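Peer 1: For reference, the chains in residue letters:
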Amino acid sequence: MELIIKDLHAEVEDKKILKGLNLHLKTGELHAIMGPNATGKSTLSAIIMGNPKYKVTQGSIMLDGENVLEMTVDERSRKGIFLAMQYPNEIAGITNADFIKSAMQARLKEGENISLFKFVREMDKAVKELHMDPDMPHRYVNEGFSGGERKRNEILQMKMLKPHFAILDEIDSGLDIDALKIVGKNINAMRGDEFSALIITHYQRLLDYIDVDFVHIMIDGQIVKSGGKELIAKIDAEGYDWIRDELGIEEEFETSRRIALGSCAVKDRK
Amino acid sequence: MIDKIYKKLANLIDEDKKYIIFYDGKVLKTNTTGIDCKVSEDDYFPTDEVYTREKNDLEKEILDNKAFSTTIHIYNNIDLKLVHINKDLKYLNYNIVVKDNTRVNITNIYFDIKQPVKVLMEMICEVNSKVHLNTFINASVEVDTISNIYCLDYATLYLTDMFLNQDKTKHIANVFLVNNDTESHMTNVIINNSGHEQNYDYNIYHDALNTKSSIHNFGIVQKESISVFDNKGIIKEGAKGSDLSQQTKGIILDLYSTIIANPILEIDENDVAANHGASIGAIDEKDLYYLMSRGLTREHSERLLIEAFISPYFRYVDDVKLRNYAIREVNKNLDN
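One line per chain: the protein sequences are F and G, in this order.
So my numbering is basically just the index in the first sequence, starting at one, shifted up by 21.
So my numbering is basically just the index in the second sequence, starting at one, shifted up by 130.
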C-alpha cells in the first residue's frame, strides 16, 4: 500500500503552516521526520488524520489511489491510517478495553463480531509487551494516566488496531529511557509488509531504538532533505543550521509587538 | 392482573431478591417476610420528632389530598427493590424508616407512570445506618416529586437519581444532616428531551458538626428542552467542620435546548468548606475527534461520550437487571 502526499499546503486560522510538502510512504518501510520546533510536523500528522482544525488549501493525499482528503476522520482510520497523538484526550467513563473493542468492531463488516476470548487474549498480550499495568484495560481512557502511560496507551491502541500507516507524533515526549526502549521494541516488532510508520520526533534518542529506513528533515512547512539514518547522527551533532546553510533557507521569525501593561502610551522600537 | 403486571416486570424483578411492588400506593406483591422489613399503613410519620421545619406548598398539597400513607420499616441489612405502578392516584405518599445500624440498598423504580402524579417520599436514616437509595423514573406524563430524607447520628446516605421523564417535571430532594458526623452524597443523571422545562432542586441542610455532603448533577438536554438545576447548600450556625460541594455538568445536544445551574450557598458558620462548580456545553469536538480517529463514526462516538458522561450513575448500580433496563431506556430516550 502507498500513501502519497503531493504539494500539500495547509493553514490554521489563516496562518500558513505547510507550504508544498511532498512525501511518499509504502508499507514495509519505517520513516522518521525530524525538524526544529514549529515547522509543521504535528500539523502534517493532524492533516493526514483529518483534524477539522486545519484547512488544506492545495495538494493531495492519496491512499492507494483513493483521495484521503475526501474521507471523514473515521473513514481514514478504517482505511488503515492511525495517529498516535502527542496529547491524547482523557475520556472518563469509557474503559480502554471497551474503547479498543468498539474500534476493532468498527472495522468489521455488518454481522461480524469480535471474539471476546480472542480480544481479551490479544489485549493481555499487548499490555504485557508494553510493560503496562495489567489493570490498564479496565481503566478509563487516559484518565489519571501519567504522560508516559498515555503514550504507551497510544501504542497499545496501535498494536490492537493494526493500521497500515501509523503516524507517531512525538511519541517519545514523556517517556523515560526504559519506556523508550519498550516502545521502540514494540514499533520494530510491527514492521512487516502490511505496516508503515511515520515517526515524528525532535530527538535522536527514540531513533536509537527504532530501525528506520528513511529520515526526512522538515523546515518551514516542507520536507527539505531526505536520506538514510546517517542524517540522524548529523542532526544530533550539529542541529539544523547546516541544512539551512546548505539549502539557503532563511530562518523565519514571527514578528511580535511589545505590549505594555498599565501604561498610557507605548512607543514602538524603530 | 397481578400475573400480567408481574410478567411486565420480568426485566426488573428477580424472585431470589427482595422486592415490593406497589400498585396505586398499595402493596400488590412482595417476597419480603416481615422480618427484614415490614409495610404498614400509617397516617402519622414522625418527621416532626426528628426535625422541625415549615412544609412547602407542594408537600402541604400532597399531605392534604393523599388518600393514605404507606410506611416501609427496614430492620435488617437488605437489598430491596421497590416498584411503584401508578394508574389512578393523583397523590402518592410513602415513607421509609431505616433502623439503627443497618446497611440498606434500596432501588426505587417508578414504572410505567401514565397518570400525572404528585409524590411525597420521606425517609429517616436512623443512627449509624448506611443507606443507598437509587431512584429511577421514566414517566410519560407530568410528575412532581419531593423526597425528604433525614440523617441521624453517624448515618451515611448515598442518593442516586435517574430521570428520563417525557413531560414537565418538578423534583425536590431535601436532605437534612440532622446530627453530628452524618454524610450525604448525591449523583443525579437527568436526560430531558421532553421539549418542556424540567426543574430539579437538590438541597442539602447541614445542621450539625462534621457533616459532609456532595452533589453531582449530570444533565443532558435536546429537542428544545430546558433543565434547571437549583442546588441549595445550607450550613447552619453551629455546624462547624462541615464540608459541602456541588457540581453540575451538562451536555446540550442541540442549538435550542438549555441547562441552567443555580448554586445557592448559605453559610452561617466559620470553619467549614463549601464549593460549587458547573460546566455546560456541547460535546467536546476534541473528544469526538479522538474517538473518530480510531474508526468510530461520529454517531457512535457521540453515543459513547454520552454513555461515558452518565457513567457515574451506573457506578452505583450493582443490580444487573436495573442496569440493563436503564441502559435500554436511556438509549430509547435518546433515539426518540
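None of these hints come from the bench; they were simulated from the model.
From a predicted model like this one, the values you see are computed outputs, not experimental measurements.
Backbone N, C-alpha and C define an ideal beta-carbon position, used for all residues, glycine too.
Possibly wrong hints are sitting among the right ones.
Claimed, not checked - Listed next, with one range per pair, are the computed distances between beta-carbon atoms:
#, chain 1, residue 1, chain 2, residue 2, range
1, F, Asn134, G, Gly407, 22 to 30 Å
2, F, Asp262, G, Tyr386, 54 to 62 Å
3, G, Ser441, F, Lys149, 37 to 45 Å
4, F, Glu164, G, Glu171, 46 to 54 Å
5, F, Glu164, G, Asn206, 45 to 53 Å
6, G, Glu171, F, Lys139, 51 to 59 Å
7, F, Gly168, G, Gln245, 53 to 61 Å
8, G, Ala140, F, Glu164, 31 to 39 Å
9, F, Lys139, G, Asn310, 32 to 40 Å
10, F, Lys139, G, Arg453, 21 to 29 Å
Stated by the list, open to error - Stretches of chain F that chain G covers, calculated by requiring three or more beta carbons in the stretch to come under 8 Å of a beta carbon on chain G:
#, stretch
11, 137-145
12, 229-238
Claimed, not checked - Here are some of the chain G residues that sit facing chain F, going by a computed Cβ distance under 8 Å:
#, residue
13, Tyr221
14, Gly325
15, Leu385
16, Met422
17, Glu437
Peer 1: Indicate, hint by hint, whether the structure satisfies it.
Peer 2: Status of the hints after comparison with the structure:
| no. | hint | result |
| --- | --- | --- |
| 1 | F:Asn134 <-> G:Gly407: 22 to 30 Å | violated, 41 Å |
| 2 | F:Asp262 <-> G:Tyr386: 54 to 62 Å | holds, 57 Å |
| 3 | G:Ser441 <-> F:Lys149: 37 to 45 Å | violated, 27 Å |
| 4 | F:Glu164 <-> G:Glu171: 46 to 54 Å | holds, 49 Å |
| 5 | F:Glu164 <-> G:Asn206: 45 to 53 Å | violated, 38 Å |
| 6 | G:Glu171 <-> F:Lys139: 51 to 59 Å | holds, 58 Å |
| 7 | F:Gly168 <-> G:Gln245: 53 to 61 Å | holds, 56 Å |
| 8 | G:Ala140 <-> F:Glu164: 31 to 39 Å | holds, 36 Å |
| 9 | F:Lys139 <-> G:Asn310: 32 to 40 Å | violated, 55 Å |
| 10 | F:Lys139 <-> G:Arg453: 21 to 29 Å | holds, 26 Å |
| 11 | 137-145 | violated (count 0) |
| 12 | 229-238 | violated (count 0) |
| 13 | Tyr221 | violated, 38 Å |
| 14 | Gly325 | violated, 27 Å |
| 15 | Leu385 | violated, 19 Å |
| 16 | Met422 | holds, 4 Å |
| 17 | Glu437 | holds, 7 Å |
The structure is inconsistent with the numbered hints 1, 3, 5, 9, 11, 12, 13, 14 and 15, although it conforms to all the rest.
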